[in-house]
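**Q** Protein chains in written order, with our numbering: chain A, 1 to 320; chain B, 1 to 337.
Any given hint could turn out to be false.
Sample of chain A residues at the chain B side, in silico, Cβ under 10 angstroms [what the hints assert, rightly or not]:
hint: 1; residue: Thr22
hint: 2; residue: Phe28
hint: 3; residue: Val159
hint: 4; residue: Asn299
Please keep in mind that the hints were generated in silico from the structure rather than gathered at the bench.
For glycine and all other residues, C-beta sits at the position ideal for the given N, C-alpha and C.
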Amino acid sequence: MRYFLNRLLQLAIVVFAVTFLTSVALRFLPGGSDVVVALKTGPGATREQAQAVKHQLGLDRSIVSQYFDWMHKFVTGNWGFTFQTNQSIKTEVVRALPISAFIMVYAQILSLLFAMPVAMWSAYRQGSKFDRFGTTTAFGLLSAPNYIVAPVLMAAFSVQRKWVPFPSIYAGLGDPVAHFKAFVLPVVTVAIPLYAGYMRLLRSDLIATLQSDFITTARASGVGTWSILFKHALRPSLFSIVTAAAVNIGALMGGVVIVEQFFLLNGMGRLTVESIFRREYPTVQYAVVVLALIYVTVNFLIDLSYAWIDPRVRVGRALG
Amino acid sequence: MTMVATDIGIAAPIAVPLTKAGRRRRRGRITMWLAIAWLAFITISAVGANFLPYIKHSCSQYSNPKQCSTHVKGDLLKVEKPPAWAWFANPEKNIGNGPERTGWFGTDRNGYDLFSRSMFGARNSLLIGALSITFGLLLGTVLGMIAGYYRGWADRVIEVVTNILLAFPALLLAIFIVTFSDKPDSTSSASDTRSIGPIIIALSILAVPPLTRLVRANTIMYTQREFVVAARSIGAPNRRILLREILPNIIPTLLSFALTGLALLLVAEGALAALGLSVEAPLPTWGRMISSGQERLRQGVWWPSLMPALVMFLTILAINLLGDVLAERFNTREVIA
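Chain A on its own, in the form it takes in the complex:
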């Protein structure tokens, strides 16, 4: 329980620090609030006009009071409106979140779906042709960043063969075909390095597990291959891959900007980055706090999941 509270406190500190630092960092971006004014009123605003705009947006107050004002708005759920387009910020975030979530969930499922069986068979038949092919491709795929994969995929499937429209047009689950077409290329782009990472992690962990004594015992007592792989070896080998997958949840929610940008999907990453460029301070802060909350929650859940994966790990023991 003490551990739990300790963790919770640490998480709160991290969230607070991240949002506060974001808020400060944003205000110190070159140009400061003048940029906001310039973007809102256009060039040639008089000093009085600029003052009025600043006052209206609350930018003339101190950074700390702006931060607490923002915090208050965040907690009460009344998030306010964007500076320039006067849209509800909540609507913007709520619109962007599912796009990121779709990409994240599909990419995770797709990569794990391929990575787990390949890793298991590679580890079981270590050194075989299959293993060599598997490790080599994974290695190659890891070296291909998504801004290389994305243009290749696009050139192949949207330009040479016009199978998938470009740019991706967002469609919800209501229209499965359009949904598929909107997400297939971004998801594949994101999933490729994920697959490679997961495959390598699980393979090396499985190899270590398969060498341990209880596997030898199981094999000696006549347990079949499938049973050894799935029932005995898999669970203790999940440690790294679960950690990686969980860390990636947070990273993917906020960090697929490049892919979103490339396929022109308005996910969280793009919302955040565009808002930074347009100096939409509150929007950036809301996006960052949502992402930070996801990150810390996931981190917390990882720690809990260790106990399930490996009962020897007791909560309270330092990990790593």
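Guided by the hints, dock chain B onto chain A, whose structure is given.
**A** Relative to chain A, chain B alone:
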């Protein structure tokens, strides 16, 4: 050690248990030498881009010789020609200068020879990557060793700071740091008017938290080892223990990690470039070339974007391969010893 690749590159390192040295497949010697040869070729081309015969450039049209080193000139008549070997590319469809194909990589819409430009890009990309990983390693090692050796409040402070840095989406962090250096009047998103300094600072800061964690974990591990306990019991000062007992043991891990880190930072530079946050406009880096070619890519002109991408991919692949070889070698040694 394996790192989890995220969008911009660096995430927390995840320890992979060592496997028995003998059972691990040895990567082919030929592959390793190919990787070394490729890296040597790229490095030589990058360093000697101004005078090597196979790299086209013309300095005569620039009054300032400094400009010359950043510009590559092709034959302006050969605007946007596909590579010579690309029999399947149909140039007539694109710009009406006849069906000619030219060069190894073709030319872009400014008539620059893309192969030469890729080599000039290698200079900037590699410089950025190498300097960033060096700074990152220095800072990460110092912080990690302090945290892991002294523990206590120093450890706690460093841990909180690394956690905060890691909780920030990496790309956001990089964007912040890079935009800080912008001139106040730059309000739009894509303002490629930077020197390489801010990019290097941004990338080094990205590299520090994971490296700090790695060094800290290793330091903790070695601090409990018998030789450190022995050194301490004969009264060796902390500085000596850190520098002479612990550091030499961490360096192999760091070296193999440095190569992986270099690859990740090269990738990260490209990610920044894809958002329009790279170096000053005439300076080519691989990332810049890839992203600036994307508009034409949509119209079927693939070589300005995909040829530099190929060079970058091969370089990252080679660096990763060598990093893997190093890691394997050092791990093996550790298992034997």
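**Q** Was the hint right that Phe28 of chain A lines chain B, CB cutoff 10 angstroms?
**A** 7 angstroms, holds
**Q** Return the status of the interface hint for Val159 of chain A: holds when the least beta-carbon distance to chain B is below 10 angstroms, violated otherwise.
**A** 5 angstroms, holds
**Q** Hint validation: Thr22 of chain A versus chain B, beta carbon distance must be below 10 angstroms. Holds or violated?
**A** Constraint on Thr22 of chain A satisfied, holds at 8 angstroms.
**Q** Let me know if the C-beta of Asn299 of chain A comes in closer than 10 angstroms to any C-beta of chain B, holds or violated.
**A** 9 angstroms, holds
Checked against the numbered hints given earlier, the structure satisfies every one of them.
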